[in-house]
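Participant: Listed below are the residues making up each chain.
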Amino acid sequence: QSSVTIYGLLDVNVAHERAGSLKRSGMDVSELNGSRLGFRGSEDLGNGLKAIYTLETAVRLDIGGMDGAGFQRQTFLGLEGSWGRITAGRQYSPAFVALDPFEATGGADRTAGLLHRKTGSVARGYQVRFDNMIKYRSPEMAGFSVDAGYWTGAENASDDSDVRRQGRGYGLTGMYKNGPFAASVTTQSYITNATGGRASTHGIAGAYDFGVAKLYALYTQDREHGSQGSGKARSYAVGAEIPVSKVGTVAVSYGSRNESGEADTEDASGVSLYYMHNLSKRTTLYTAYSQLNNRGDANYGFNLTPDAGDRISVVMAGIRHRF
Amino acid sequence: QSSVTIYGLLDVNVAHERAGSLKRSGMDVSELNGSRLGFRGSEDLGNGLKAIYTLETAVRLDIGGMDGAGFQRQTFLGLEGSWGRITAGRQYSPAFVALDPFEATGGADRTAGLLHRKTGSVARGYQVRFDNMIKYRSPEMAGFSVDAGYWTGAENASDDSDVRRQGRGYGLTGMYKNGPFAASVTTQSYITNATGGRASTHGIAGAYDFGVAKLYALYTQDREHGSQGSGKARSYAVGAEIPVSKVGTVAVSYGSRNESGEADTEDASGVSLYYMHNLSKRTTLYTAYSQLNNRGDANYGFNLTPDAGDRISVVMAGIRHRF
Amino acid sequence: QSSVTIYGLLDVNVAHERAGSLKRSGMDVSELNGSRLGFRGSEDLGNGLKAIYTLETAVRLDIGGMDGAGFQRQTFLGLEGSWGRITAGRQYSPAFVALDPFEATGGADRTAGLLHRKTGSVARGYQVRFDNMIKYRSPEMAGFSVDAGYWTGAENASDDSDVRRQGRGYGLTGMYKNGPFAASVTTQSYITNATGGRASTHGIAGAYDFGVAKLYALYTQDREHGSQGSGKARSYAVGAEIPVSKVGTVAVSYGSRNESGEADTEDASGVSLYYMHNLSKRTTLYTAYSQLNNRGDANYGFNLTPDAGDRISVVMAGIRHRF
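Residue numbers (the numbering used here), protein chains in the order written: chain A, 411 to 733; chain B, 411 to 733; chain C, 411 to 733.
If you are wondering where the hints come from, they were derived from the structure by calculation, not from laboratory data. Just so you know, not all the hints are guaranteed correct.
Each pair may be met inside one copy or between any two copies, as identical chains are not told apart.
The calculated DSSO-like cross-link candidates involving lysine-lysine, where the alpha carbons are at most 30 Å apart (straight line), are [claimed, not checked]:
(1) K691 - K460
(2) K433 - K656
(3) K656 - K460
(4) K587 - K460
(5) K460 - K642
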């Protein structure tokens, strides 16, 4: 009677990284996508209604382990019908759903196109996942769909409502698809600490598939109001995905992040070049070069932590397998 | 050649809780049953003999994770034949097997009918699971069956036999079933610390299915003899499970705990009302109200920890799915 | 489209152990083999090429849990063809591949034949697994095959190359099989600390199956050069596996370890007797006696830690099940 589907994705590479005068050669994981092992299923309840669930753990291919307490990628249970679906648990945030597909590499771990996902002096509302989320996803109607989430905070016992609300937030994403064109807009916000600090991200993204190349662009604005003052960060990424053979694709991505406000500014820009070679639908070889140019007090890094203002770069070759 | 069965149960709800002047709204999990992912199987060895195993981990639906080190719900391997079954590993205690089915909600997480499972000033012998257990379960004969377990303690190297025995214990349960009637009796005891302290639980329980309602009752007595003096706790629960439609069931449960002895007494009573609505055999919607009235030094709580003597209450709505 | 195979092995026993004046009776696990739950699969990529992966976690049968962070037995992804296979991740070391099959019990947890795997005053290059390993395994040609691994170290950011190289190492194993005869030779070495210390193991092993008995022998030499001086350890094991019935096998193993060098010497020898009784191809009952005689400053133990020079012994009975 059980109908569990086991699935997964494994991604490992060897990389050489430079960060100012530091350097490192080593084995890295989860570049194109996060390595995972998952269990999911559904039950038909009649009248088009279904129960659905997903339990998904990260797996560290290089050193073993699960990146935390296990089953922290996705754990949710819910119902799905013609009206959409509602799910409860630890889930992807609406901002992630809106923005991640519009980075040209598909959100590779070290692409410069993910500078909007960094936290510098300014915290961001764009967390990939949140705990304790109730989420609604609409069906697609005339190309439009909605992804909306609300999550509770720590909800500790306290008479102070700021303390109780810590971690609480919401996100709302609208998406549109029409032939070669796709776009999204999102707003997401949560309470960052027990004194009422708040971080939010607003974003807009789009893509157009010209056939010879698919062009991508996204823009986000983070705002933080907190006990340490206020700040703002503007980030954008532009890129292209270019089929170069029946099985090969080049993705190029440029990203930039500019912070302003009362805190020190941690600005950076960078460019990345990825080549993906499909051995099959499920198995891909890849190689890539990525570079970030830190400015001011910024010390964004990959595995190494550079000095403020130092340039970092990485070159890698790896394999991804889905099952 | 392999014959692994994957199974699981997921349970998530939203709840509002009050504890004296404290309050909390949030997402909670594992109300009707503990959320889990399991792997089990058996091998036919001929002559009616089978090898059997179960590996079962808790899964936290709200925040991800596995509630501890993983695979801590059940891990055992054993043999089963016409003579019964013998298993070794981390397993449910005989007292749990005896008492849990005789609480009207089936042992829901926040039912008042589980006050006998609380630890106040008096420790209890009624732990749900023990490590290092050798367990024997008899076949059912004329309605009677037996569940017996012995578990070793930490068994640290020491010349002091009290130190060696810490954690060691045993449980013995007799069960009887005959048509609408079922009953059980249990005794369970283990050594709580390295100075020879001991906690034990004796219990008796029964149920009768009248068709319009199934009535439940259970009574337990905990005794603790330890370095901090001796104490006793008497708990009972009565309840009823009432089918109200083809797919709907109401369960009502009343529980009470009274402690006595040299320690401060932590007494309480409470009442709970659950409604379970089956969307299918595997998927259930539920809503419930539960309330505990602490007395004396008692501060039994759900997610919130109340002040001593404060009343706590919770209202919730959720979904449970088996696979 | 997915082709995941779930597999596992569970092994639990009850044991009584003595170590000088200390004694302990308890439940132990993973005697004949490590208890595990695994997920593996492959994808045919055409032209004889395959993608292969394995994710394998330890499972603690006695107390639940996964022995560490989970999935720390094996996690790798790779490609396999007529030219052999290359894999990346956390994997068995070449020395383990060379030596483990040539101990008469098959590398049981408490056999005296594994004294070469102990660390006394002298660290060894023979670790069972290493993180961050790139491994090549050749196909078998005229009975010969090769298993070669290289692994990166911590690779922390530093201008000091010794710090960067900590943990880095390699192993190389040659194996030969011809009818009843099999043999292996191995060399393995890694950098043990941030000041350039190095431990290495060289080993040779062989077996011959006479039908009435299969004889085993192995010899290893550990060398350590480090900040605390240099040392050497010579270990050997001889043993026999004797079929005593259609389903029963006796394995006897003798092992010895002798350390020399600037550090205190921790020498020992011991003997073990195992009886394995197959209930089926997948399920085995076993009983065993094992004894180690520590000499000098050695305090090698099983679960108990003896005083230096004390003799330890253990007697056990258990069950192993594969699925």
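Participant: Does each hint hold? Answer for all of them.
Facilitator: Each hint tested on the structure:
In this homomeric assembly, K691 and K460 come within 30 Å of each other (Cα to Cα) both inside a single copy, at 29 Å, and across copies, at 13 Å. In this assembly of identical chains, the alpha carbons of K433 and K656 never lie at most 30 Å apart, being 36 Å within a copy and 60 Å across copies at closest. In this assembly of identical chains, the alpha carbons of K656 and K460 lie at most 30 Å apart only when taken from different copies (20 Å versus 38 Å within one copy). Taking the closest pair of Cα atoms, K587 and K460 come within 30 Å of each other only inside a single copy of the chain (25 Å); across copies the shortest separation is 37 Å, beyond that limit.
Taking the closest pair of Cα atoms, K460 and K642 never come within 30 Å of each other, the shortest separation being 42 Å inside a single copy and 49 Å across copies.
Checked against the numbered hints above, the structure violates hints 2, 5; every other hint is satisfied.
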